[in-house]
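Hey, can you work out the whole structure from these sequences and the hints?
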Amino acid sequence: MNDPNAAHTEAEAIIAVANLVKQFGRFAALRGVSASFHASRMYGILGDNGAGKTTLLRILAGLVPPTRGEVTILGKNNPREVCREFGYMAHPSLLYDEMSGMENLRYFACLYGLEDARCADIIAAVGLDPGLQRPVGQYSQGMRQRMSLARALLNDPKILLLDEPFSNVDIRSAREMVKLLARMRNGGKTIFVVTHQASLLDGTADEFVWMDSGQIINRTPDLKFMETA
Amino acid sequence: MKKAFPILGLLTAGLLSYALYEGLVVAPKEQTMGEVQRIFYYHVPSAWTAFLLFFINFLASVQYLVRRDPKTDKIANWVVITIGVLTCVAPYAIPSLVPAGARASSIATTGVALVGLYFLIKKFFSEQETDMLALTTAEVGVVFCTVVLVTGPLWARPVWGIWWTWDVRLTSTLVLWLIYVSYLVLRRFSSSGQTPVLAAALAVFGALDVPLVYFSIWFFRTQHPQPVIGGGGSIDPRMLHVLLINWLAFLCFAFLVCWSRYRLERMKREVEETQALEALLEPRSALR
Amino acid sequence: MSAAPSGITLATLTKDVRLEWRSKDAINSMLFFALLVVVVFSFSFDPVAEESRQIAGGLVWVAFLFAAVVALNQTWARELRNQVLDAYRVSPAPANSLFLAKAMGNFLFVGVLEALMTPLFVVFYKLRVLGPAWQLLPVAILGTWAIVVNGTFFAAMSLRTRSREIMLPLLLFPITIPALLSMVEATTTILVGDPSTSAKFWIVLLATYDVVFTTGCLALFETVLHAE
Chain A
1 MNDPNAAHTE AEAIIAVANL VKQFGRFAAL RGVSASFHAS RMYGILGDNG
51 AGKTTLLRIL AGLVPPTRGE VTILGKNNPR EVCREFGYMA HPSLLYDEMS
101 GMENLRYFAC LYGLEDARCA DIIAAVGLDP GLQRPVGQYS QGMRQRMSLA
151 RALLNDPKIL LLDEPFSNVD IRSAREMVKL LARMRNGGKT IFVVTHQASL
201 LDGTADEFVW MDSGQIINRT PDLKFMETA
Chain B
230 MKKAFPILGL LTAGLLSYAL YEGLVVAPKE QTMGEVQRIF YYHVPSAWTA
280 FLLFFINFLA SVQYLVRRDP KTDKIANWVV ITIGVLTCVA PYAIPSLVPA
330 GARASSIATT GVALVGLYFL IKKFFSEQET DMLALTTAEV GVVFCTVVLV
380 TGPLWARPVW GIWWTWDVRL TSTLVLWLIY VSYLVLRRFS SSGQTPVLAA
430 ALAVFGALDV PLVYFSIWFF RTQHPQPVIG GGGSIDPRML HVLLINWLAF
480 LCFAFLVCWS RYRLERMKRE VEETQALEAL LEPRSALR
Chain C
518 MSAAPSGITL ATLTKDVRLE WRSKDAINSM LFFALLVVVV FSFSFDPVAE
568 ESRQIAGGLV WVAFLFAAVV ALNQTWAREL RNQVLDAYRV SPAPANSLFL
618 AKAMGNFLFV GVLEALMTPL FVVFYKLRVL GPAWQLLPVA ILGTWAIVVN
668 GTFFAAMSLR TRSREIMLPL LLFPITIPAL LSMVEATTTI LVGDPSTSAK
718 FWIVLLATYD VVFTTGCLAL FETVLHAE
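Chains as they are written, first to last, in the numbering used here: chain A, 1 to 229; chain B, 230 to 517; chain C, 518 to 745.
FYI, nobody ran anything at the bench for these hints, they're computed from the structure.
Nothing here was measured: the structure is a model prediction, and the numbers come from that model.
Note that beta-carbon positions come from the ideal geometry of N, C-alpha and C, so glycine has one too.
A hint or two may mislead.
[Stated by the list, open to error] Calculated pairs, SDA-like style, for lysine to any residue (alpha carbon to alpha carbon, straight line, at most 20 angstroms):
| id | chain 1 | residue 1 | chain 2 | residue 2 |
| --- | --- | --- | --- | --- |
| 1 | B | Lys-300 | A | Arg-80 |
| 2 | B | Lys-300 | A | Asn-78 |
| 3 | C | Lys-717 | B | His-453 |
| 4 | C | Lys-717 | B | Pro-440 |
| 5 | B | Lys-258 | B | Ile-268 |
| 6 | C | Lys-643 | C | Ser-561 |
| 7 | B | Lys-303 | B | Gly-340 |
| 8 | B | Lys-300 | C | Ser-561 |
| 9 | C | Lys-717 | B | Leu-480 |
[What the hints assert, rightly or not] According to the in silico footprint, chain C covers these stretches of chain A (three or more CB under 8 angstroms from chain C):
| id | stretch |
| --- | --- |
| 10 | 60-70 |
| 11 | 90-102 |
| 12 | 107-118 |
Have a look at this one:
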């Protein structure tokens, strides 16, 4: 579906944010973030708690409007206009605990107007069994995060916004997920991963974006930069 | 602007005193009710003022909702103009449409007031300011409405022997009061990001409700007749004169209070913005 | 390749019904609550058959209203767990499809409660309908929809407030007053069966109320859902 040659060409920025400010009352979650991001790259977004990583992702997903500043995704100023093109995953699973994985995905597929067959394919792609009847609430954390990723991948989005996808996940599942993400990046997707476990992305991510106190303080190709407190 | 406030204050104080004098001394004593009837000069203007303030709140809320998107803004403009034209033309062209108890001229006046106020608000208030206007008029409106609901029973008890009756006007006023108190509670209990939008939506719902309340109680009363308080029918021209003076005084007073409250709200928001800007600029390392 | 909104509404409604059927946690407690309400009301007022027809209309609908509020507070509970609402907001699915599905689900739920409470009331109050009984059906349908459509909307509004459970009835009751009056009066008129009175005006008023507020909810729900 994606042109493999597009994978590593220098594309123009598909996401650009300019002077992004987000305040919740007196708390400034983002204090003027300006950056541009290119297609077919994997970005690891790192930083301490309260750095603004989740807020940035939620603004990109269109869940939260910025207080000031501009967001341009795929040429549009309002993320909701291009909501078909991205998949969002957060620390809560965004799934119904009482339904099986397949039932969950069938429902979300309906929201996007997709075929049922796609659901089975996607579940298999993340390494789970589409026929599993067990309700998602009884999954292990690793399985749940993988099913949540499957939901985010359902509409074959160009952009993936993943907030702490590896949290509380066992090492083996986490490494499988990273491999899967790398394959998708090579296939042309742009992936943003907010995580505390930067080492998992070492060698796979194209760039690390370091945030602190609501600003981007550095962008590096590897993990050698460790900001001092 | 700053000088105007104390001048207006003095003017209003003068007007209120004059109106009080007119109401208590000059106005003729009512034949059947006696001196108690004078509370009428307090009760009715409060009601009219409250309704006007709630009407402005409704228009400001609508504006807040439609002005977020230029398309809906334009559509709303045309809808308002159409309603204005219809209310001016229809009651005269098709007299049978006018419901019993209303007059064609009052419908037309309401229509003109609607259009006039809508575009006046649009001209003088920015988007954020319409939200402040909505908050102000809701608060002051609730105060005046409370006055109506308290003076009503105070008047009714000595004259008709009952504290309350479910007549159209009193009950509609009570429901309006309930709706706007819930509006104020919503504003207090929602977090500051979405308060304007949610409150505006509730104000629109309240406005949709009012005619339905009126009709339902009107019909209820035809089925279950109860004593009428407040007296209908014609009014002695001298009493009307005193009534209008009192209304003018009340309007000035309401305007003054609203203006103060509006300024207070604006200052409060400016302080919050400044604090937010400061929080934005200062380094956060101290908090860690 | 976008889904038809009605398809989304139907899928959401089916999903909700299926989930409720599986867990049965809300419906069991609701049924028992409904029974309790009927019993408490019956203890509080123990009228003779003649009087009971006069007041039963009011009692029944107030009881339904209280049961409905408890049900309405659960409307979005499953969507809040695991933040599923975010998944809906991020998708291209129209907000109104979600609203209609939730409102219809609540309608079914409250309808079931009413169907169970009514025979109990008839028994405890020794009710006999003297007027045209078939008119009770449009009253029940229109009245329940009136409570449910606004209740679903205000439940969504209350999501973004403190004291969520008390905000819903606080916002709902004032707005519902004309509908409540209509329901009670219509029911009483039908029960009493006085030939000089007719419930028709109340039924028309209820229908008007339903049309006005369903339109209002559909127009404003998207705004409320996507409020921060």
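Do the hints match the structure? See the list:
| no. | hint | in the structure |
| --- | --- | --- |
| 1 | B:Lys-300 / A:Arg-80 | holds, 17 angstroms |
| 2 | B:Lys-300 / A:Asn-78 | holds, 16 angstroms |
| 3 | C:Lys-717 / B:His-453 | holds, 16 angstroms |
| 4 | C:Lys-717 / B:Pro-440 | holds, 19 angstroms |
| 5 | B:Lys-258 / B:Ile-268 | holds, 12 angstroms |
| 6 | C:Lys-643 / C:Ser-561 | holds, 15 angstroms |
| 7 | B:Lys-303 / B:Gly-340 | holds, 19 angstroms |
| 8 | B:Lys-300 / C:Ser-561 | violated, 55 angstroms |
| 9 | C:Lys-717 / B:Leu-480 | violated, 42 angstroms |
| 10 | 60-70 | holds (count 5) |
| 11 | 90-102 | holds (count 9) |
| 12 | 107-118 | holds (count 7) |
When held up to the earlier numbered hints, the structure conflicts with 8 and 9 and fits the remainder.
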